[in-house]
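Participant: Generate coordinates for the entire structure from the input sequences, incorporating the hints supplied.
Single-letter residue listing:
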Amino acid sequence: MIIEHLSYSYNSGTPSEALALKDVSVSVSRGEWVSIVGHTGSGKSTLAQHMNALLIPQSGLVEIDGVQVTPKAKGLRELRRKVGLVFQYPEQQFFAETARDEIAFAPANWGASGEELEQCVDYAVSSVGLEPDLLGANPFSLSGGQQRRVAMASVIAMKPDYLVLDEPTAGLDAPGINELIRLLKKLRSEGLAVIQVTHDLQSALDHSDRLLVLENGMSVAGGAPEEIAQYLLENPVRGLVMPPLVQFAAGLRERGITLDLTSDIGTIIKKIEERRPCAGIAGERQDTCSF
Amino acid sequence: MQFLSGISLGQFIPGDSLLHRLDPRCKIISTFLLITGLFMASKIPDLVLWGIFLLALPALSGISLKTILKSARPILFLVAITALLNLFWTPGRAVFQAGFLKVTEEGLMTAFEMGMRLFFLVVFASMLMMTTNPMAFSDGLERLLSPLSKIGFPSSEMAVMMTIALRFIPTLFEETDRILKAQLSRGADFESGGLLKRARSFIPVLIPLFILVFQRAENLAIAMESRCYVPGMARTRLNPLVWSGKETAAILGLLAFITAVVLLDRSYFLGFVAI
Ligand SMILES: Nc1ncnc2c1ncn2[C@@H]1O[C@H](COP(=O)(O)OP(=O)(O)OP(=O)(O)O)[C@@H](O)[C@H]1O
Ligand SMILES: [Mg+2]
Chain A
47 MIIEHLSYSY
57 NSGTPSEALA
67 LKDVSVSVSR
77 GEWVSIVGHT
87 GSGKSTLAQH
97 MNALLIPQSG
107 LVEIDGVQVT
117 PKAKGLRELR
127 RKVGLVFQYP
137 EQQFFAETAR
147 DEIAFAPANW
157 GASGEELEQC
167 VDYAVSSVGL
177 EPDLLGANPF
187 SLSGGQQRRV
197 AMASVIAMKP
207 DYLVLDEPTA
217 GLDAPGINEL
227 IRLLKKLRSE
237 GLAVIQVTHD
247 LQSALDHSDR
257 LLVLENGMSV
267 AGGAPEEIAQ
277 YLLENPVRGL
287 VMPPLVQFAA
297 GLRERGITLD
307 LTSDIGTIIK
317 KIEERRPCAG
327 IAGERQDTCS
337 F
Chain B
5 MQFLSGISLG
15 QFIPGDSLLH
25 RLDPRCKIIS
35 TFLLITGLFM
45 ASKIPDLVLW
55 GIFLLALPAL
65 SGISLKTILK
75 SARPILFLVA
85 ITALLNLFWT
95 PGRAVFQAGF
105 LKVTEEGLMT
115 AFEMGMRLFF
125 LVVFASMLMM
135 TTNPMAFSDG
145 LERLLSPLSK
155 IGFPSSEMAV
165 MMTIALRFIP
175 TLFEETDRIL
185 KAQLSRGADF
195 ESGGLLKRAR
205 SFIPVLIPLF
215 ILVFQRAENL
225 AIAMESRCYV
235 PGMARTRLNP
245 LVWSGKETAA
255 ILGLLAFITA
265 VVLLDRSYFL
275 GFVAI
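Those sequence lines, one after another, are chains A and B.
In terms of the working numbering, the first sequence opens at residue 47 and continues consecutively.
In terms of the working numbering, the second sequence opens at residue 5 and continues consecutively.
Hints were generated in silico from the structure; no laboratory data involved.
Being a predicted model, the structure only gives us computed values, none of them experimental.
Hints may contain errors.
Stated by the list, open to error - For each label pair, taking beta carbons as the anchor points, the in silico distance ranges come out as:
# : chain 1 : residue 1 : chain 2 : residue 2 : range
1 : B       : Asn223    : A       : Asn184    : 18 to 24 Å
2 : A       : Asp219    : B       : Asn243    : 40 to 46 Å
3 : B       : Gly236    : A       : Pro290    : 51 to 57 Å
4 : B       : Leu69     : A       : Ile48     : 39 to 45 Å
5 : B       : Met166    : A       : Leu107    : 43 to 49 Å
6 : B       : Asp193    : A       : Asn184    : 22 to 28 Å
7 : A       : Ser75     : B       : Leu210    : 35 to 41 Å
8 : A       : Glu280    : B       : Leu80     : 54 to 60 Å
What the hints assert, rightly or not - Straight-line distance between alpha carbons at most 30 Å, and here's what the computed BS3-like set of lysine-lysine pairs gives:
#  : chain 1 : residue 1 : chain 2 : residue 2
9  : B       : Lys70     : B       : Lys47
10 : B       : Lys70     : A       : Lys68
11 : A       : Lys120    : B       : Lys201
12 : A       : Lys68     : B       : Lys74
13 : A       : Lys231    : A       : Lys205
14 : A       : Lys205    : B       : Lys201
15 : B       : Lys70     : A       : Lys118
16 : A       : Lys118    : A       : Lys205
17 : A       : Lys68     : A       : Lys120
18 : A       : Lys68     : A       : Lys128
19 : B       : Lys47     : B       : Lys106
20 : A       : Lys205    : A       : Lys120
21 : B       : Lys201    : A       : Lys118
22 : B       : Lys47     : B       : Lys74
23 : A       : Lys118    : A       : Lys128
24 : A       : Lys118    : B       : Lys74
25 : A       : Lys232    : A       : Lys205
26 : B       : Lys250    : B       : Lys74
27 : B       : Lys70     : B       : Lys250
28 : B       : Lys201    : A       : Lys128
Ideal Cβ positions, reconstructed from N, Cα and C, are used throughout, including at glycine.
Facilitator: See the structure below:
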């Protein structure tokens with residue numbers, strides 16, 4: 047999936063025109079986990095909807111598996127199967143009477159039936175770790191965490207090659223988040239591209255292969271987690287909670303120790319140790335040491 | 005693609021123009037005066053004056069003429085229908101006849117005048133909505149209707165209901181747009197198939213929408229109750245409405261203009277009869 051110089055404004059040509067994306071470029075390949083981070087209103091959801099051909103680029107290019115998204119392009123529906131999009135609060139789209147029907151909605155829309163449909167549903171249910179006896183339940187009567195799983199399953203059931211998730215962790219508790227991350231890692235290892243929209247920098251730095259930082263609709267940084275951590279150390283982004291590591295490094299810098307977060311952890315520890323009044327960060331006499 | 009874009013009939017456009025700053029009561033009364041005036045005088049020469057008035061609106065409201073004219077677009081269809089009906093159903097001297105369809109000279113005139121009258125009506129009414137924040141509008145309406153509460157008319161409840169409805173219309177469109185998109189990305193197809201199939205394909209949109217609306221209504225009720233809202237109880241205002249000299253001047257000016265148009269209309273009519 048290739049996105050180049052993408053710009054988009056809502057209500058263009060009216061007095062309430064609002065620029066949501068400006069000159070954003072990013073590419074994602076299969077088996078990769080890319081996180082899109084940014085403050086609220088920075089254009090993350092707008093970018094996510096372009097990946098699914100729900101929004102058509104006003105300028106710039108969106109190309110998915112060789113198909114370019116244009117207003118007249120054929121096969122946009124096929125693209126929407128390839129790129130599964132899990133919306134923010136996806137449980138608000140529920141309409142079916144049972145969780146099974148909800149999960150079967152997408153594959154059935156693409157013509158799966160009978161044995162094949164069963165197989166899609168089973169695959170999705172086991173992927174998200176939903177207890178099979180909940181399948182007959184009314185989706186509205188499930189708990190929040192179970193609802194989120196049904197919603198995820200309803201997208202995974204169409205076996206997408208790319209999975210775009212808009213704030214998938216919003217409203218989940220800590221075990222729920224851990225479980226979700228385990229699921230996404232598993233899907234990535236199966237060859238899916240995972241694109242996660244989030245404002246949780248720490249989790250994005252921990253789990254993704256690459257990050258894209260959006261600020262006011264513009265991409266201000268992109269790269270591996272270490273590079274992004276280093277970037278954030280130098281340019282804190284308004285409206286995002288800086289991860290503890292970055293805060294720590296910023297605190298050290300105020301005291302005259304400049305860390306390079308892109309270097310490996312051994313080098314960083316050595317750098318800190320050099321400035322300590324006593325040696326051995328993991329040594330026995332820690333009680334006598336203080337910064 | 006944005007599925008429900010361009011619904012701009014009378015949407016509030018924030019600004020700081022003379023019209024924006026006028027008391028909402030003044031604008032509501034003015035709109036009624038204008039509508040009355042339009043019904044009293046909409047012959048072709050009068051329409052010229054109304055047109056001149058329309059051309060003054062961009063300067064008064066800070067809204068471009070293009071946007072003002074665009075606000076009438078959703079009802080152009082209605083204007084056309086009205087004009088067509090009048091075109092064929094007005095008796096008089098025929099200028100064109102095909103079968104039972106007969107176009108008369110009088111029909112042409114009436115069609116044009118009726119169409120233009122409707123057009124001006126919508127443009128003036130949407131001018132009110134474009135320059136008045138919905139909250140201020142319902143405030144103004146409440147104050148104007150408050151004398152009726154003496155005879156048991158629930159004017160303040162009406163105003164609250166209207167505020168809420170106006171406040172939630174855009175939200176409702178946003179939610180519909182979001183749910184439509186969500187179902188589209190799960191492969192829903194709203195465009196192909198017969199009428200029945202297409203109608204059925206909207207079930208996955210309508211059900212979540214209804215659920216959301218009820219949830220919102222409930223949340224709103226709880227929020228209002230927890231802030232001690234009691235229907236019918238007198239409340240004070242954060243921004244009380246002020247009727248100052250400029251409101252009086254605006255009304256008087258408008259009245260003078262409308263009187264002039266009506267007088268012109270009558271003199272034209274008298275002159276026409278004299279000939
Ligand atoms: N349907 C819409 N109509 C008009 N403007 C919109 C619409 N959706 C979003 N915007 C505007 O576009 C900008 C980007 O919005 P977007 O939803 O992409 O942000 P986001 O990064 O996803 O924010 P959040 O973290 O709050 O979900 C915002 O300024 C928003 O006000
Ligand atoms: Mg968003």
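Participant: Tell me, which hint numbers fail for this structure?
Facilitator: none
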